[in-house]
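These protein sequences, in sequence, are chains A and B.
Following this note's numbering, the numbering of the first sequence begins with 863 at its first residue and continues without gaps.
Following this note's numbering, the numbering of the second sequence begins with 1496 at its first residue and continues without gaps.
Watch out, some of these pointers could steer you wrong.
Covered stretches of chain B (in silico footprint by chain A; criterion: 3 or more residues with CB under 8 Å from a CB of chain A, positions within the stretch not fixed) [said to hold, decoys possible]:
#, stretch
1, 1525–1533
2, 1556–1564
3, 1589–1603
4, 1620–1628
Calculated directly from the structure, the hints in this document are not laboratory data.
Here the structure is a predicted model, which means the values were calculated and not measured.
Even for Gly, the Cβ is constructed at its ideal location relative to N, Cα and C.
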Amino acid sequence: MVPGVTSLPVRRLALGVVFLGAILLVVALDRGRPAELSGAAAPGFSLTNVAREVGIDFVHHAPRLDPKIDNIAPLVAAYGASVSVSDVNNDGWPDLYFTNSRFGFPNALYVNRGDGTFVDVAQSAGVADLNRPGEGVSMGAVWGDYDNDGLEDLLVYKWGYLQLFKNMGNLHFKDVTEEAGLHHWMNSNGAVWFDYDRDGLLDLYVTSYFRSDIDFWHLKTTRIMENSFEFAANGGGHRLFHNLGNGRFEDVTEKMGVGSTRWTFAVAAGDFNGDGWPDLFLANDYGPAELFVNDSGKRFVLTRVGLESDSKSGMSATLGDALNRGRLDAFVSNISERGYLFQGNNLWLNFLPELGHFEQGATGVLADAGWAWGAQFGDLANDGRNELFITNGYVSADRDRSYWYAMSKVAGANGNVFEDARNWPAVGTASLSGYERKRVLVNRGVAGWVDVAAQVGVTDESDGRAVALVDLFNRGVLDVVVANQNQPALVYKNTVAPGNHWIAFRLVGTASNRSAIGAEVTLEAGGARQLKVVDGGMGFASQNDRRLHFGLGKAARVDRIVIRWPSGARQVVEHPAVDRVNVITEPPRPGPRP
Amino acid sequence: MTAAAPRDRSGTLWARLGEVDPRYLISFLITLILVVGEARYGILGGYDRLAVALGVCVVTELALARLAGGRGAGLQSAYITGISLALLLKPRAGLLWPFALGAFLAIASKYVLRYRGQHLWNPSNFAISLLLLIAPGSVAILSHQWGNHLATNAVIWAFGLVIAARVGVLHVTLTYVVCYVLLAAARSLVVGTPPLAELAPITGPMYQLFIFFMITDPRTTVGSRRGRVVVAALVAVVEAAIRVAADHQVAALSLLYPAPPILALAIVGPIAKALDLYRRRPAGGAAG
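Build out the structure end to end from the sequences listed, making use of the hints.
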């Protein structure tokens, strides 16, 4: 159509048609968005909640806080459900520890009987009654053998005083917080064991979310909230505790340069730049994620690695080799809500060794998982590729009432307004991103990530917080345990289609910490490579099975594994036996260094 | 320019400012917001968004101006619209089509949705409203708040008010702001929400873009000064009605809740403009 050739009315009519077509295209593109559920090939596994059948009847109870913040109590008291995995009695069967968050409500230690059932022994073990006035309430826990005596010890982080329990054996624990020098009040939602100076002793990094001078049961002020929805730095004040090896810890936060006051929800440790020293990755609410790079155990340096430009609401710091590149990537969950906010999750692909920064790799279903919380990478199908299990949902109350509009009012305001909890509209019985469907994402390679949650049987709408992956029944498959806020915990037993091989490793440190936390295993099989790391706490308020589980697909043989021990030692094991758990003890020093 | 130089020079600058094409001043202001917002707060979320929105706006403007057979295209309008869309649209991660289609629809609306020779909607207001209504699963609106820095707010407001005064639309801005504040206070009393929570939104950049670029758009507002005051007040009233409905969780109107002022203007603006045109003699001419 060229002016002068076609009449003006005809041109205008044509333009109108194109205009209408563009509108219809917008509608089509918007509706075509979640095509992810359809057309996916069979995922090769299914998940069934067997919590009740296996004897896990844990129900989380949210904290009840000072009435001065009753107007937003459902939002503030929305954390505390956690789950962490450890073999506390060294019987070869993984056990589970859940935290509760209301005064008078006990935490639970479910010991695995090895017959497919669990029994809660927290009371007799001395790790149940931790939620008491004056001492605060539990928010999560991480296991690590801090004294290298071969028994996994327990650190419980709280909105209140930290508590460290030494495992005395025979399912008894002793509170050693005072003598360890850890009697500190923090409003913490995350902690990680790691050996930052490679001295063979586990050190401890504890993050704070709210400021540490806040006592939620005796508030002196209601100015306790963030002062920015994107760049807040008026949060907790984290602490790094150096393990002195005599049962005591020394606060080296300032000396080591890791005193961030971001609103950190989750922390994970891993060697991102490949220099052999574990770095700290912080997922921060109301601000960008942070990477503290470990400078040879002498100090940490907050480093610009591409995270600082993307300011969001980080909820989970999940490490894993997302794309089988032999690299430790980081997944950070965020918030998405139809019509209001599409922050999008981040998959920070690690290009630090060659480019010096991360690249954001999350789009589609990977980016949008609702109000996402805990997440974990793991090969649920034993096919050699990682799945990603994401739980979500913030506050599920009245289905017909939403707090999103009310929150959007203060979210668009100046920070001085919403820093004061009194200025927030009352939540009442409204939900906030409640009743959300969970996500189980399968990596289809070039086809991207596909959500198969409904297909594999994950249909719960709980307010999920923590996710841990663990081979609960020693069957060679990863099961999924989810701790839900104010709701029962879920135990998703995994049924994997037959035909795929697997291999797992239980690592025992000698020069390294006994728990081997921080050890990396790179596996080569069938022309593919996978990397996994023994975690001292990752995701949100969770810790996975200490054993590293690899799916192998049809490969019946592993070419080799390379272990990078936390001490710095490197060990190569040729052709380890498949379809079993291999126990590998760190060779004595001196060993080859990377 | 002799004896009373200092005072006169000041007056001359002020006067000269008034002689500048209003669209240049508006372009300067939105560029200021873009630069400050991106430099300090990463408000764009990616330069590709800006490139797509701006590029499609300019190309569409050039093409449709030629197609309509009118005078040359007014690229300042495309520039303002493109930046507005890049700043205000916050779609899902990785989506660029909302910027491309939004930009096309914004500019095309000037050529398609016309009455008596004039377009009825502010282009970016039309496109954003449409996308929020028909693509809520893909598109949200800017929810940044300039960090918590009052200084940033003050700079934008200061420049905005000065430019609004020189462009001759300060009465529109002030009418809306005064009405918003009064209605916010009323809503706080009626609904029982904290007063600052109701006042809070107007301190954010979404409102600044709305107040200085949409509701004051001379092409889509009514002809008389008194009429513009009434329209601005009506927009505030409709917005307040939307907000009251939101506070009462009226589900049928939930699509309006993420951006009450934008959608209130999209409702009131074209009706007022059409009525105004109806009362006047019909005028021809190309879009601009």
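Against the structure, the hints come out as follows:
Counting residues of the stretch 1525–1533 of chain B whose CB falls under 8 Å from any CB of chain A gives 0; the rule of at least 3 is not met. Closer than 8 Å: that is the beta-carbon criterion, and the stretch 1556–1564 of chain B has 5 residues meeting it against chain A, so the requirement of 3 holds. Given a C-beta distance limit of less than 8 Å, the hint that chain A covers the stretch 1589–1603 of chain B holds, as 7 residues qualify and 3 suffice. Interface restraint, the stretch 1620–1628 of chain B with chain A: holds (3 residues with C-beta to C-beta distance below 8 Å; minimum three).
Consistency note: the structure conflicts with earlier hint 1 alone.
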